[in-house]
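Peer 1: The chain contents come next:
There are 2 protein chains.
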Amino acid sequence: MSIITIERKVLEKNDELASQNREVFQHHGAFVLNVVSSPGSGKTSILERTLERLKNKLRIAVIEGDVQTDFDAQRIAAFGVPVVQIITNGGCHLDAKLVHDALGNLDLNGIQLLIIENVGNLVCPANYDLGEHTKVVLASTTEGDDKPLKYPTMFRNASVLIVNKIDLLPYVRCDIAELKNNARRINPSLMIFETSCTKQEGIDRWCTWLEEQVHNHSSGNTGKII
Amino acid sequence: MSIITIERKVLEKNDELASQNREVFQHHGAFVLNVVSSPGSGKTSILERTLERLKNKLRIAVIEGDVQTDFDAQRIAAFGVPVVQIITNGGCHLDAKLVHDALGNLDLNGIQLLIIENVGNLVCPANYDLGEHTKVVLASTTEGDDKPLKYPTMFRNASVLIVNKIDLLPYVRCDIAELKNNARRINPSLMIFETSCTKQEGIDRWCTWLEEQVHNHSSGNTGKII
Chain Y
689 MSIITIERKV LEKNDELASQ NREVFQHHGA FVLNVVSSPG SGKTSILERT LERLKNKLRI
749 AVIEGDVQTD FDAQRIAAFG VPVVQIITNG GCHLDAKLVH DALGNLDLNG IQLLIIENVG
809 NLVCPANYDL GEHTKVVLAS TTEGDDKPLK YPTMFRNASV LIVNKIDLLP YVRCDIAELK
869 NNARRINPSL MIFETSCTKQ EGIDRWCTWL EEQVHNHSSG NTGKII
Chain R
689 MSIITIERKV LEKNDELASQ NREVFQHHGA FVLNVVSSPG SGKTSILERT LERLKNKLRI
749 AVIEGDVQTD FDAQRIAAFG VPVVQIITNG GCHLDAKLVH DALGNLDLNG IQLLIIENVG
809 NLVCPANYDL GEHTKVVLAS TTEGDDKPLK YPTMFRNASV LIVNKIDLLP YVRCDIAELK
869 NNARRINPSL MIFETSCTKQ EGIDRWCTWL EEQVHNHSSG NTGKII
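Heads up: the sequence lines are chains Y and R, in that order.
So in my numbering, the last one in the first sequence is 914, and the numbering has no gaps at all.
So in my numbering, the last one in the second sequence is 914, and the numbering has no gaps at all.
If you're looking for bench data, these hints aren't it; they were derived computationally from the structure.
As the structure is a prediction and not an experimental result, all values here were calculated from the model.
Keep in mind that a hint or two might mislead.
One copy or any two copies: either way a pair holds, since identical chains are not told apart in the list.
[Said to hold, decoys possible] Below 30 angstroms or equal to it, Euclidean Cα-Cα: the simulated DSS-like pairs (lysine-lysine) are:
| # | residue 1 | residue 2 |
| --- | --- | --- |
| 1 | K701 | K887 |
| 2 | K785 | K701 |
| 3 | K697 | K743 |
| 4 | K887 | K785 |
| 5 | K697 | K785 |
| 6 | K868 | K701 |
| 7 | K743 | K887 |
| 8 | K785 | K868 |
| 9 | K745 | K887 |
| 10 | K745 | K697 |
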């Protein structure tokens, strides 16, 4: 019982700090994504494909969350965008405080799009608002079509689902229609994209949508932000 | 600081309960696995292939840990072995208390092998001893070859690594030699198996080894248990 109370307090405190982060983002006019998934679903690969297409159209910065290593941050830095690394040292999720502290090392002036790549974990990051405008969950086809039902909180709290690794569909037991149905059973308003980073499929549609969100946001049309 | 103290207390209490579980397992002569991985790496599929081969050779029981749904427990129950489902209701890992409570619904008399399938999460279950004799971590080739370095605690605390979905190697960017090197950098004594559940590759070798462990254990040759 006391543990539950502590958890609630931790989440309440997190929500407060997330609101403060959101105000900072609003002040700078930055549209912010929180990208979550299991380890190895392709978060960094999606970011790479996204940066290839959008880095000359939008001013983008990235916060990389990892349990250990700066491998992902190095991959992102290769695109010449500002990157701040958060290493959680065993911690299973990013929280608003970690993001707040990371912002001390990131100049948001002029940044239109900030992408936060969370720790690979389909459970714990679900309840931690970072102050983002949109939570994007990735599910790779290799994980099977039942994951939205088995890890519902993440799919319920996300606004966008990217079904990644669709090039592997011929080789894995995953019914993509069933995967999308399961996701919509948990969250009927999910916007869904289907992508393959290796075959470059579906990335243009995702990037077009994302660019539109950023422009809607910076023109103050916040009603359209999901 | 207080949070760290609470975490330490939680882990100390867990270790106490895990020791009690281990005594219960020893008393019944049951060899116990704690199977961990990311969501969708193939824990349940490995269990299915294992039960196909060993259910008529060994008396096996299974504890299924899931955040939500009893899908996996149903898949296992189809093999006619005793299964107890633990639903964590959002909890990100099994702990020794949950397993202790589950044992109240499981008759261990005569059980030679108890397999505990943990929640799909490569971070949080790493530090929670359940009283098992051997922690088995799965990494699927689709997750890439860097995961041991990025999620080191799990690979450090496991004794066995099963590299699953090797049939997908031709289609994914994963150097299996590099994956194994990375795993051994974290944990030089890891026993490593390579498997494909869909192509039935490597399963016999894994099952032969597992059967041997169970027989060593029941003959009191505990020195060989890893």
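Peer 1: Reference check for the pair K868 and K701, CA-CA at most 30 angstroms: within, between, both, or neither?
Peer 2: neither (34 angstroms within a copy, 41 angstroms between copies)
Peer 1: Tell me, please, which holds for K745 and K887 at an alpha-carbon limit of 30 angstroms: within, between, both or neither?
Peer 2: within (23 angstroms within a copy, 45 angstroms between copies)
Peer 1: Cα distance capped at 30 angstroms. Does K887 pair with K785 within a copy, between copies, both, or neither?
Peer 2: neither (37 angstroms within a copy, 46 angstroms between copies)
Peer 1: Within, between, both or neither: how does the pair K785, K868 come out at a Cα-Cα threshold of 30 angstroms?
Peer 2: neither (33 angstroms within a copy, 35 angstroms between copies)
Peer 1: Could you figure out if K743 and K887 sit no more than 30 angstroms apart (CA to CA) within one copy, between two copies, both or neither?
Peer 2: For K743 and K887, the Cα distance is within 30 angstroms only inside one copy (20 angstroms; across copies 42 angstroms).
Peer 1: Reference check for the pair K745 and K697, CA-CA at most 30 angstroms: within, between, both, or neither?
Peer 2: neither (41 angstroms within a copy, 51 angstroms between copies)
Peer 1: Check K701 against K887 for me: Cα-Cα at most 30 angstroms, and say if that holds within a copy, between copies, both or neither.
Peer 2: Close neither inside one copy (42 angstroms) nor across copies (49 angstroms); limit 30 angstroms.
Peer 1: With identical chains, the pair K697 and K743 could be close in the same copy or across copies; at 30 angstroms between alpha carbons, which is it: within, between, both, or neither?
Peer 2: neither (39 angstroms within a copy, 47 angstroms between copies)
Peer 1: At most 30 angstroms between alpha carbons: which applies to K697 and K785, within, between, both or neither?
Peer 2: both (14 angstroms within a copy, 23 angstroms between copies)
Peer 1: Checking K785 and K701: alpha-carbon separation at most 30 angstroms within a copy, between copies, both or neither?
Peer 2: Both, since 9 angstroms and 28 angstroms are each at most 30 angstroms.
Violated hints, listed in ascending order, are 1, 3, 4, 6, 8 and 10; each of the other numbered hints is respected by the structure.
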